[in-house]
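As a plain string of letters, each chain reads:
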Amino acid sequence: MAGHDGDHTTRWHENQAQAVAADLRTDLIRASVLRYGVLLTTAYLLLWGTVALTVRFATGEDHTRWWLGAIGIALMWVIAGFLAWRERPSVDQARSMVDGRRRLGGLLMAEQMDGFDAWSDKLASPKALRVKWRGGPACLALGASAVFLLGGMFAPMPDWNNVAAGMNVQRTIDALDEQVQVLEEERILDEPQAQALRDDMARVAEDARGADPSRTWEALDHVAEQLKKEAAEAADDALRKMTESAAAQNLAKALESGSDQLSPQQLSQAMEALAQLTKEAVGGDMAAALSPEMAEALSQAATAGLSAETLNKLAAMMGECNGDLKAMLEALENAKLINGKLSDIPYEFDPEALVEWLACQGEGECDSAKICKACKKGGRGGITRGPGHVEMLWKDPSSKEGANFDPQVLPPTRMQDMKDARLLGVTRGAPDTEPAGDGSTGGALAGATTTGGSAESPTILPRHRGAVQRYFQRSDYKVEGGQAGDGSEGGPGDNPGGEPATE
Amino acid sequence: MTDTTPRPSLMRPDEIAPTVELLNRVLEKLDATLLGQNELHRMVLVGILSRGHILLEGMPGVGKTALIRVLGQLLSLSFNRVQFTPDLMPSDIVGSPILQEDDDGKRQMVFEAGPIFTNILLADEINRASPKTQSAMLEAMQERRVTVMGKTRPLPSPFFVLASQNPIELEGTYPLPEAQVDRFLLKLHVGRPSADTLERIINSRRRGELPEPEALIDAAQIQTLFDTMERIVMPGPVNRYIANLVAGTHPEETFAPQVVRDYVTYGASPRAAIAMAEAARAVALLSGRPTAGFEDVKAVAPHVLNHRLILNYQARFDKVTPLGVVDRMLKAIDETGLELPRGIEVEAAS
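So the sequence lines, in the order shown, correspond to chains A and B.
All the letters of the first sequence, read from the start, carry residue numbers 1 to 503 under our numbering.
All the letters of the second sequence, read from the start, carry residue numbers 1 to 350 under our numbering.
These aren't lab readings, by the way, just hints derived from the structure by calculation.
Hints may contain errors.
[To be verified] For lysine to any residue, the following SDA-like pairs were computed, each having C-alpha atoms within a straight-line distance of at most 25 Å:
id	chain 1	residue 1	chain 2	residue 2
1	B	298	A	215
2	A	132	B	101
3	A	228	A	215
4	B	331	A	88
5	B	298	A	101
6	A	313	A	374
7	B	331	A	374
Start from the sequences, fold in the hints, and give me the full structure.
What follows is the structure, encoded as structure tokens:
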């Protein structure tokens, strides 16, 4: 019976040790599965969230099918289980770990050997080992990745359609359409051209979704530039015609009132010039722009001349033509197709002065081209007001205060004076420089004055200079009656320059 | 066909118990005679059981010589002491042939055995002898025999060399060459006794004379001890652990810890692995177990490896000692060879 109890105890201990080793192995596998699962799930959630965020950002559409990604989580845990199983510790490793951690002295590792039963009592029923995974940071990362996934799936995305509407392309297109309409009404653009531009703008408006705003704006800017270019060309042509029509009107009025002052040759040239100006003013086709009778009369004006009534009628027609062109320019200005106030340019001429000028032209000096040119001018030229030949004068000479002074090189003799100079004040005016003193201005005799051949060059301090000058002033000497000035010790005979004491 | 190889079996408790009891008596006697050095006594006995040589390092007067002398008396082993000096010649240790005249008046060369022909040789201050004399002990320590004048003579069995060296006096010393240091199984540091121990020593000693211990073990029992040692089982994982530890002392090894890569120039030799296994067996025997475990290896690893690691200058600058390197190695290398995933730890449940 005792032997039976002993066997039972031995078996219990043996099983207990094996159970501890088996439990340790299981716990290690479990912890490894947990660790790999958390790590892989974290990575998967980050990937899932990134994909969801990217797709939603790109398409702006929400998919309920995103939840199908949860299948991947299960897949991650399957992979984690596989990895943990592949790295599982062997039974021997688990047994040796229990032996080592429980300090069993190798007995547990030798349990397969004969004679182990006798030592099983020495194994004090080994307690289980606790497997611990310090997975706090990993779990935090898992939570953060889950939050990222939820954010990627539910965060509001910008609506690109609203972004496109926010560009207000339609308002710009409406403005451009109005300009096209103006150009069409003024016959600058014909109907097919206008319609083509409208179609282009409609296509730009349709394509403008905000994906590439710069492209949309570039397209609209191109249309606007095209419209302005057409308008500018039309305005230039209108200005030229206005000049021609105003000149024609002026010449017509001049001929109507002063034809009797002109010679037949001058009148003939003037009529020819009138026909040319009128033709250019109406754009070449006089029959369409004027009446056929008027066109016929103008074509024969050089030879047959024009009656006063016809001239009056022609002047009126040119005035109307000028008015139409002015109205067109106003329309372009109002539509902001051209800059400036071109319609306000005055075209006022003096018919009497023109007749006077025509009458002054000698025989053979006056041809139609010259007359055309003279008619386009505002006057006869020259200065009509003020004496233009008079030289311009400034009222007051300009001040040099604040201007940069011209550099002046002081002679070496003045350099010593600068050392003894004292600041008396500051002025913005140019400094007054005295001319260099007598004697050499450089070299070995710098600063030397006529000292009677002495090699010594005495330096006279500024405070003594006045006394020395007064001493050598002959006039003072003469006035003073030959006395030395200001108590100077030397007399006239001590003049170091050796000059005579009197003149 | 059946496997006829005898399956290894563990010693029964009743087989190992007398040996353990005998060793415990020796230890008790040593502890009672030399106070305050219990762990040192235990490791010296490990060295004896492992039949290895021991290098004792310590200050003068801490009881190195007394320990060896008492141990020799307890084990009934012959004991010789040689004080190494710079002028000591190899023949002074191993012996030399001398010319003798016999009764017949014939003269012949007779070998006069030196002090090395003993069971326990205490080489006191071994680092004071010249390299020539030191190298004369190489063959004796490894082969346990001496060759003089072309004739090889075996040394008594068992044969142990217990050498001491003074770590503080470097003037006039010759550091032991690495080949000779490697032949010492253990290098033990003999520390100074505490104040309480000193008080007990003062009370129990007069004029420094040790009590004469009685012999506890005779030659037959010593042989029994060695036979028992042979039957201590070294499990495979423990063998692997020892191999990893010794291989891990080499910085070029892939699994060498960082401390080894940083501070070790040359690691331990295969002789160190053998020594560690033998010493671990001895520790297991002293603990009364028929198997050696990881804790036995950890107990002897510092003493086996500390004199076999050659550190670089960086270690000298950082004041890192070989014992410090071994201590960090033991923490770095897992005993089971199982690399647990990062963050997973195994703890002993309370």
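Hints and how they fare:
Restraint check for residue 298 of chain B and residue 215 of chain A: the C-alpha separation of about 77 Å exceeds 25 Å, so the hint is violated. Note on residue 132 of chain A and residue 101 of chain B: the hinted pairing is violated, with a Cα-Cα distance of about 82 Å set against a maximum of 25 Å. Taking the CA atoms of residue 228 of chain A and residue 215 of chain A, the gap is about 20 Å. The hint holds against a cut of 25 Å. The suggested pairing of residue 331 of chain B with residue 88 of chain A holds, with an alpha-carbon distance near 23 Å, which does not exceed 25 Å.
Only pairs whose Cα atoms come within 25 Å are accepted, and residue 298 of chain B paired with residue 101 of chain A is accepted, the gap being roughly 12 Å. Between residue 313 of chain A and residue 374 of chain A the alpha-carbon distance is near 22 Å, which keeps this suggested pair within the 25 Å criterion. Straight-line distance between C-alpha atoms of residue 331 of chain B and residue 374 of chain A comes to about 114 Å, which puts the hinted pair past the 25 Å bound.
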